[in-house]
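*Asks:* Single-letter residue listing:
Number of protein chains: 2
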Amino acid sequence: MRYELYYWPGIQGRGEYVRLALEEAGADYSDVAREGGGTGAMMKMMEVHGTPPFAPPFLKAGKLVIGQTANILLYLGGRHGLAPKTEGPKLWVHQLQLTITDLVLEVHDTHHPLGPSMYYEDQRAAAKKRTEDFWKQRVPKYLGYFEKRLEASGGTFVAGRRMTYVDLSLFQIVEGLRYAFPKRMKAFEGEIPGLVGLRDRVATRPRINAYLESDRRIAFNEDGIFRHYKELD
Amino acid sequence: MRYELYYWPGIQGRGEYVRLALEEAGADYSDVAREGGGTGAMMKMMEVHGTPPFAPPFLKAGKLVIGQTANILLYLGGRHGLAPKTEGPKLWVHQLQLTITDLVLEVHDTHHPLGPSMYYEDQRAAAKKRTEDFWKQRVPKYLGYFEKRLEASGGTFVAGRRMTYVDLSLFQIVEGLRYAFPKRMKAFEGEIPGLVGLRDRVATRPRINAYLESDRRIAFNEDGIFRHYKELD
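Line by line, the protein sequences are chains U and P.
Using this note's numbering, the letters of the first sequence map in sequence onto residues 111 to 343.
Using this note's numbering, the letters of the second sequence map in sequence onto residues 111 to 343.
None of these hints come from the bench; they were simulated from the model.
Hints are supplied without guarantee of correctness; some may be wrong.
[Claimed, not checked] Straight-line distance between alpha carbons at most 20 angstroms, and here's what the computed EDC-like set of lysine to aspartate or glutamate pairs gives:
| # | chain 1 | residue 1 | chain 2 | residue 2 |
| --- | --- | --- | --- | --- |
| 1 | U | LYS238 | P | GLU231 |
| 2 | U | LYS239 | P | GLU231 |
| 3 | U | LYS200 | P | GLU197 |
| 4 | P | LYS200 | P | ASP212 |
| 5 | U | LYS238 | P | ASP232 |
| 6 | P | LYS200 | U | ASP232 |
| 7 | U | LYS251 | P | GLU157 |
| 8 | P | LYS238 | U | GLU197 |
| 9 | P | LYS195 | U | GLU197 |
| 10 | P | LYS239 | U | ASP232 |
| 11 | P | LYS239 | U | GLU157 |
| 12 | U | LYS246 | U | GLU197 |
| 13 | U | LYS246 | P | GLU285 |
| 14 | P | LYS251 | U | GLU231 |
| 15 | P | LYS246 | P | GLU197 |
| 16 | P | LYS246 | U | ASP232 |
| 17 | P | LYS238 | U | ASP232 |
| 18 | U | LYS195 | P | ASP212 |
| 19 | P | LYS173 | U | GLU197 |
| 20 | U | LYS173 | P | GLU157 |
| 21 | P | LYS296 | P | GLU257 |
| 22 | U | LYS170 | P | ASP232 |
| 23 | P | LYS170 | U | GLU197 |
| 24 | P | LYS239 | U | GLU197 |
[As the list claims (entries may be wrong)] Facing chain P, a subset of chain U residues (Cβ under 7 angstroms, in silico):
| # | residue |
| --- | --- |
| 25 | HIS159 |
| 26 | LYS200 |
| 27 | LEU201 |
| 28 | PRO223 |
Here the structure is a predicted model, which is why all the values come from computation and not from measurement.
Ideal Cβ placement from N, Cα and C applies to all residues, glycine included.
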């Protein structure tokens, strides 16, 4: 089965967590809006399908159309060896992913604290305050949590001896924070040696490495979730 | 099996979506922090357990400890007839719940746009701006989406002919918005007749009705997610 991934063509955004899983799985997929379909094909799917998602990304898998990043990973995980199949461990991995979902939303709030509809330039002062709080309180809390989980599971992968989609997502979190806040992240990385090591282990996996070197990996930019604004770093 | 729900004892918050599901299911559960255990018992569970959640609520179900509201509902849904068991419909219901999760976070951001660590009183001006955007752009988008899904599924419940945990959560959303923003919500409700009807259908179900009348239902207050601040309404 060839999967169809639908996401905004110009950004990594939330679609990237799905792309990383599909790439690591060696799954057959098309990134529809980037491969000829454009955003028109995506918007059409959101209107006509029986289970239309609230927002991209969503994945067409045969007759299923699955929305919400963590939900897509829940579906893919069991099928491609990226998550345990037994109930307890499966729910645990999903729980960790949902915590990453919360973190990603808070990352977005650093540059859009007054809402997603206004331009960044019109909320810069509020963004500075939110970013201060994010780095003082939230980054240590979230990344400290994942660092501890990684330690507790033996240090190689966050949910046990085998890699899961959560490890791929944590790679993306470290990469994104390095891109958006290079100075702050450099100062902080000493607190999370385990996660930095995990980032390296994920980056050098053959399929992920090949993906990162390809033009399928979109560069970070200021339309995505992780944005680099000097004044916030 | 007697479930143990762990959540902050003084608020509805995110725990309420779980409480509503447990109550509708007629499940045997204790609300630990409210029933003698206090928050101490809750904090202890977060430190010592093998799969410690990032934050409350979490549910102890036998040997499992399950965190993240939507994840708890995913677990409870299939067990108590509050969600379909087949994969596609099950993922669809979970997807809808994850969209509610996003909405709940945006509700919280209306009074805490500069971050969860600062007091509301110290971010009142930003809260006003965020709230304007929330009601102008986000409420119509989210509630319009659920109104359409409800229409498409026949008008009785949002994901088909049978009630699911998503319907219970939508009840809570309507109740919460009415509490936090009575004027704005009154002006808006004409746009969502289906959801208002759904709210009434849920409220009058025998077990939910009994729960709402009991002292197990905590009153809305200004420590929860839905807060009433006159200046934001």
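*Asks:* Hint compliance check: list the failing hint numbers for this structure, sorted ascending.
*Replies:* 6, 8, 11, 12, 13, 14, 15, 18, 20, 22, 24, 25 and 26
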